[in-house]
Structure formats: C-alpha cells, structure tokens
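Q: So you can see what is in the structure, the chains are spelled out below.
Number of protein chains: 2
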Amino acid sequence: MKTYLVTGCAGFIGSNLVDYLLKKNNRIIGLDNLSTGKKFFLKKALKNKNFKFFKIDLLKNNIDRYFKNVDRVYHFAANADVRFGLKHRKKDINQNILVTYKILETIKKNKINEIIFSSTGSIYGEATQIPTKENSPFPIQTSLYGASKVSAEAIISAYSEAYELKSYIFRFVSILGDRYSHGHVFDFIKKLKKNKNVISILGDGNQKKSYLNVDDCIRAIDLGVRKFNKNVNIINLGTKECLTVKESIKIICKILKLKPKIQYSGGKRGWVGDNPYIYLDTNKIRSVGWKPQYNIKDSIKQTARYILKNQWILKKKN
Amino acid sequence: MKTYLVTGCAGFIGSNLVDYLLKKNNRIIGLDNLSTGKKFFLKKALKNKNFKFFKIDLLKNNIDRYFKNVDRVYHFAANADVRFGLKHRKKDINQNILVTYKILETIKKNKINEIIFSSTGSIYGEATQIPTKENSPFPIQTSLYGASKVSAEAIISAYSEAYELKSYIFRFVSILGDRYSHGHVFDFIKKLKKNKNVISILGDGNQKKSYLNVDDCIRAIDLGVRKFNKNVNIINLGTKECLTVKESIKIICKILKLKPKIQYSGGKRGWVGDNPYIYLDTNKIRSVGWKPQYNIKDSIKQTARYILKNQWILKKKN
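If you read the sequences in order, they're chains A and B. Heads up: the first sequence begins at 52 in the working numbering, then just goes up one per residue. Heads up: the second sequence begins at 52 in the working numbering, then just goes up one per residue.
Hints may be right or wrong, so weigh each one.
Claimed, not checked - The list that follows gives simulated cross-link-like pairs (lysine-lysine, DSS-like), each with its CA atoms no further than 27 Å apart:
(1) K119(A) - K141(B)
(2) K217(A) - K138(A)
(3) K319(B) - K138(A)
(4) K153(B) - K111(A)
(5) K217(B) - K217(A)
(6) K153(B) - K319(A)
(7) K217(B) - K141(A)
Unchecked claim - Partner residues are not named here, just some residues of chain A that face chain B (Cβ under 8 Å, in silico):
(8) I114
(9) Q192
(10) A205
(11) G256
(12) I306
No lab work stands behind these hints: they were computed from the structure. Backbone N, C-alpha and C fix where the C-beta goes; we use that ideal spot for every residue, glycine too.
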C-alpha cells in the first residue's frame, strides 16, 4: 500500500484522481484550500479511511508535515483560470510558480522520488505545428496562465535533473466530465439559465478545441506513470477529435431543450491570450496502449447533464 | 534624445551596454544593487551628465519612481550564476522570475512600450538540434538558472501579448571581454594565482562552448532592436566557432606564462545542469547584417589580459 499526496484534491480533476487512487487501494493525503475546489466533490472519498483531507493554503501555510512518508506527489493544485489571468496576474505567479517551487523544496527535504504535474496544452501558445507534439518548436507564450505553467514545468525539470526525483508532466487539452465546474460548457449553461432567448459567445465560434473526458485523462496519467521511465517524462493528453465552439453550443442547447438566438462577438480569439486552435499529438501516450473511451460529443453531453443535475455549481463564485 | 532604463547597469554586460548607449547620446537611468555588479565599471559613465545611477534592490525596494518617462527598459539584472544555482535555489526564483514580473508590472503601470531582456542559451537544456535555432524543439530544462530564465521569457511574452509592449529577448552564449568577472576564465586564473603548478578542471575538458565578445553582443542587441519588429522578438547571439575547455586553458596558461599540470575531474559535465555543448544558430541576427568582429581565441586572450590588469576582481566575492 502506497501513500500518495494530492494537491488540489478537491478540484475537478484532483477529486476524480483521488477517487481513482482510493479505488486502487492507495492511502491518500489530500490538500486543498477550497478556493475553487469543493468539499462536496470529496463526499465519497471522505468516507474512506484511507483518505485524509487537510484544508490548507499551499502558499501561506507550513506544508512540511503532510509530506512525511509520502511515496509520490500529484501536484494538481493551480490557478486554472486561463481567461481571467490578466485580471489577477499575481495569482498565476503565486499559485502556479511559487507554490510549485515550494512543493519541490518540500519534496526534496522529505526525499520523495516522484512528482506528477498537471500542465496544459496552453503552453504551446499559438502552435506552429498541429497536431502539436511534446517536442514541437519552442513556443512563444500567449497567456500568463501558459507562462506560469511552462515556468512550473521548467523548475520541476531542473529539480529532476539535480535530485533523485522522477517527474511526469502531463499537458492536457480542456477536460470535461463529472464535477466540471469552470470553462465554456459551464459559462454557456450559466448564461442560458439567465436568459434562455439570447446567448452571446466570445469570438467567432470557430475556435476549435480538443476536449478530453476526465476519466480518460486519469486512466492516461495512471498508465503514463507506469509505462514511462525517463527522468523527466512529458506527455500530451487529448483526443484525436476536435469540436468548434459553434458545435458545442448546439449540443448544449439540445440538452437544455432551448433554441436561443446566438450572437458572436467576432474575432478568432475568445479573449486575449486565447489560442484559437489547440490540438495535441497524443501518439506518445497511445504508444503504451491508451486510448480514450469517450468521444467529445458524449463528453459535452455528460458535462451539460452533470451541471443540470448540480445547479448549485453555477451559483458558486468561480 | 531618448531615456532608457538599464537594470543590472553595473554588471559585466550591463555596464558595457550603458557606455554604448551613452556614446549614442541617450539619457540613461541605471539601477543595480551592486551584489555582483561593481561601481568601478561605471567609472566612465558616472562622469556623464546623461547618466543617473541608483543603488537599489529591484526585489525589495519600491522601483516605480525610476520608470517615469522612460522610453525603453533594458532588463539585464539577474542572478547569472548557472553553476551554483542549486546552492541558493531561491535566488534564481527571486532574482530572475519575481524581479522580472515586478519590472513588467512597473512597465505596464508607466505605459512603457519596449523591453529588452538578456536571456541565455542555457534555456535550450541539452539541445537535440545543434546548431540550435530560436524555434528548435521544445527543450527540457537541466539547470535552475535556465528554468528561471525561460520562466522570465515566458512571462515577458505573455505581457507582450496582452499589452502594448514590444519585447526583445536575446539568448546569449557565454560572453567574454573587458569587465568579465565570473565564469571559467575567471575561475582558471584565480586557481592559477593560488597554485601555479597544478590546476584541476571540472569535467573532462571536452565541453565545447561558443563564446561571444561583449562588444559584439551589444552591437547585436542594438541592431536587433532596430531591425526586428514583431511583438515578441527572440534572437540568439553567438559566434560560429566554438572552443573546448582544454583549448581555453591552453590559451590562458600562455597569457599567464605558466605550465601547470592539468587535472580533469572527468565526466562530460562540469557540474549538475552543465550543458556539455552549447552552440547556437545565429542566422537570424546575421540576416540583418550583424557579424562578430572578434574570434573566440582573441576574446579569451583579451579577457585573460583584462583580469591580469584588474586583479582586484579576483578578490571580490562573486
């Protein structure tokens, strides 16, 4: 029985990861400041004797005590808000760079040998190579979120090079599924709940994105960690499909049984730093036997239905 | 007449830049905490009425007042110590990431439209493409210094994307020339001054590096800023030659008129995170008419002679 520490354990991906790891009979120490994470997501986990939850702030609190006798750290805590990165710039610097640095120092101090890090396809900026490979041309960052994640990746790699620390960096596309509580499906449903007749969409609606179901994401992480053994392992996660915002809104309207007038703000980007097209080459993770079990349309439907069943999520400040 | 702010103005490269910009009849505001910079390097500049020097700490002090009516910022302050990055890890995070973030916030506040940043070839890690182009495959960081510089680059790019800020990021190889005060020529001469009979060298001596003279470096920066006009401009600087540590020590011994026994510690890296071979593709800066005027051997000789003439440098804590 292994002991894993999960930061951001009450988040969308973090809480799904916790459930998965508990099912595999591991002992889990979960840390979250509940700023965007929700304790409700841990309802099932909290009933499990192998799960210990601590509400702490990774930046402000002393975190050392939680890292004793830990076999592996899943560092999933982050400021995951790409879109509003420019409104609270210090947040990306603090939550994504400084917290990662602090986690690495604590890992080093406690002689932990493995870190799994949730990164993002946003770090490829406006990729010149599509599908985008892990070793695609050196990107220029277009968002502060991407910049902060690429910084965290870089610092992790440097610690891996220097110390006995194997690192797994997963670069995700947008993730969908149960407990999804931030992103375009969320925004659209929230808008339609306010006004079922008209919905305004950022950009021209042709922004294409590749989405991945959270279940597929977590299975890929589990497999990737077992199969890859370099010192620093960088692995893209995504599907081979993609969907435009236009197509997505259609599916969502159908689920909601609404026929609103759709107004596009225009322009190829939804906001400053938005990447109009993120499509990752996932041959690396596929080469070890992974493939997604959900298609994007089903994931959008599942996500929309989840939000409809859990409308309290829409009321929470995100 | 333009007003330029130079951070790290008393450093090796910064002080040479200040002299160059003053000669071109600009007004210069120079900031330095003199932790590694030396006021002696500003001797000539301080006699010029267009130069104002302020000894301040960019991280701790309020820096806003120095950024009023500034046309361009040359952000050259940094913890430039690649080799000892692991001994004082917080230094790279603070001096190279957090200070850059603070500079960018101050630039934004004061509506300054241009930043010139001194980055490094170290950010290519152990490059898979040699010569290494600006858009070579996405590297994995091998040093905390490289990681901190790539983080700073990323944050600068994100600000450029979001605000009216043109950025110029120059990735240097190691720089040689007058006022050189840290690096292998420095270390070798220091060792030989202590013991002229034996010198121990880190690694196997076959580490090849491409060096650039500080005069060529500054001319390239000046030209690059005038010729390139993208929002984010990333430009490698280096020579087409390279030199092994073995060859370098030979030249240095000849200048010092010494014939020590040379002992190599072995291994292809001088230290953890050392890149055994840095060789940058410099076709981009060459395409606008730049070429170096010094060859590497002459630069090593010039540097060694400068240190011999200024032996007080060897005594300073570096």
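Q: Give a verdict on every hint.
A: Checked hints:
1. K119(A) - K141(B): It holds: about 23 Å lies between the C-alpha atoms, which stays within 27 Å.
2. K217(A) - K138(A): violated (35 Å)
3. K319(B) - K138(A): violated (46 Å)
4. K153(B) - K111(A): holds (20 Å)
5. K217(B) - K217(A): violated (38 Å)
6. K153(B) - K319(A): Between K153(B) and K319(A) the Cα gap is close to 31 Å, so the pair fails against 27 Å, i.e. violated.
7. K217(B) - K141(A): holds (21 Å)
8. I114: violated (16 Å)
9. Q192: holds (4 Å)
10. A205: holds (4 Å)
11. G256: This interface hint is violated because 22 Å lies over the 8 Å limit.
12. I306: Where the cut-off is 8 Å and the nearest Cβ of chain B is about 34 Å from I306(A), the hint is violated.
In summary, the structure is inconsistent with hints 2, 3, 5, 6, 8, 11 and 12 from the numbered list given earlier, while agreeing with the others.
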